[in-house]
Each structure stands twice: as C-alpha cells, then as structure tokens.
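Given the sequences, and given the hints that come with them, work out the whole structure.
These are the residues of each chain, in order.
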Amino acid sequence: DAKTTQPTSMDCAEGRAANLPCNHSTISGNEYVYWYRQIHSQGPQYIIHGLKNNETNEMASLIITEDRKSSTLILPHATLRDTAVYYCIVRVEYGNKLVFGAGTILRVKS
Amino acid sequence: DAGITQSPRHKVTETGTPVTLRCHQTENHRYMYWYRQDPGHGLRLIHYSYGVKDTDKGEVSDGYSVSRSKTEDFLLTLESATSSQTSVYFCAISEFDEQFFGPGTRLTVL
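From first to last, the protein sequence lines are chains F and L. FYI, in the working numbering the residues of the first sequence are 1058 to 1167. FYI, in the working numbering the residues of the second sequence are 8 to 117.
Every clue listed holds true.
Restraint ranges, calculated between C-beta atoms of paired labels, are given here:
1. F:Asn1114 <-> L:Asp69: 32 to 42 Å
2. L:Glu34 <-> F:Gln1099: 13 to 23 Å
3. L:Glu66 <-> F:Gln1099: 14 to 24 Å
4. L:Val19 <-> F:Met1116: 32 to 42 Å
5. L:Pro46 <-> F:Asn1111: 31 to 41 Å
If you are wondering where the hints come from, they were derived from the structure by calculation, not from laboratory data. Just so we're clear, the structure is a prediction, and the values are computed from it rather than from any experiment. Ideal Cβ placement from N, Cα and C applies to all residues, glycine included.
Here's what the structure looks like:
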C-alpha cells in the first residue's frame, strides 16, 4: 500500500470549512484513498473513500487531484464535535488491511 | 452503530500472566481484526480473520495469538503478557469495504 503524508495538526474555526490535505505520490492505479477519523479514546470511524472522482456524502467531500498524487478532505461546516485525528489511508478496494499513519489532529475552535 | 462489543473494557494484569480479549459482533461480517494503539503510533494491525478458523498475521503479531471458532467471536490471547503489551486494543469488522471499530480495551501490564 502506498504511503501517505499529512500535516501533524490543523486548527479550524467553528462553522467554517475544514480542509485536510493528504499527499500520496506513490499511489497505484488500483488503490483508493480512504479517510477515517478518531475522536478521543473512541474507535476510528469511516468517513469516505474514492478512486479518482470527487466524492461526497453526508459527512464530507473528498477531492482527488487529477494525477491522484494528493487529495483533500473537506468538512463543509466544522463543529466542535469534529475535533479528532483524521487519517488518510491508501489501499486497494476491499483490501483487508488498513495501515494507519499518525494522521492530522484537527482542532475546531469556537 | 455496528454491533461490536469488546470485553473486558479495562484490565490490569501482571507480567507473565495469560490474557484473553474478546470481540463479539452481531453483524455477521466476514472479516474481523485486532489492532493496538500506542502513543506516537497510529493503529497497528495484530491479526485478522477472513472467516471461521481462517486467520492471518498483521504487522505486530509477535506475542499474540487469535482464534475464531464462530463467526461472531474473535479472541486475542497474550500467552504471557509483557509490559510492552500495555496498550489500547481495538477490534474491527468488515464485510466489503468499510471497517467498523469497537470501543476498545485498555490493557495495562504491570
């Protein structure tokens, strides 16, 4: 599975969009970009995933660059409850293993 | 929320004692996983199962064994606990793609 690089931490004002970047320059053609988050002391929670087209669900949007070497997770209206560690993971679809890096600590502030 | 429970939720034990952690699911998902999480590290895969009696090693499997005799239960055993196995252990399940995580077990080995 390709390696990902994320900023260590980010701050966002409540109500504003949170844009979390991820670099995955060695991604292969059959690898998807997944995002999970982990709120303090809880188990990780799936957010979204995509291959090359932009994806949107009730939680977030995922924007993948045309060359697929980077992506951005967008939380459109961040709330205090979105404060968490966000993990960007690359793997083949339906692959068994998730390889978690250190993730990005997102702090949403009022 | 996916029906995943872990037991016990907290345990304190002494070095050299055997410990078994249980993950129970009510979703009938095929895949089950055990991860550990330590400060400074993301989640790391210990073992996983892709069916009853079918298991495989993850990246940090030394000192751990697993068993899955029923679809709903996945047991993680530390045959002789060491202080380096003090950690938070998460169980996860999946059928197709998204992994659902349990609430975690905090294990302390003195």
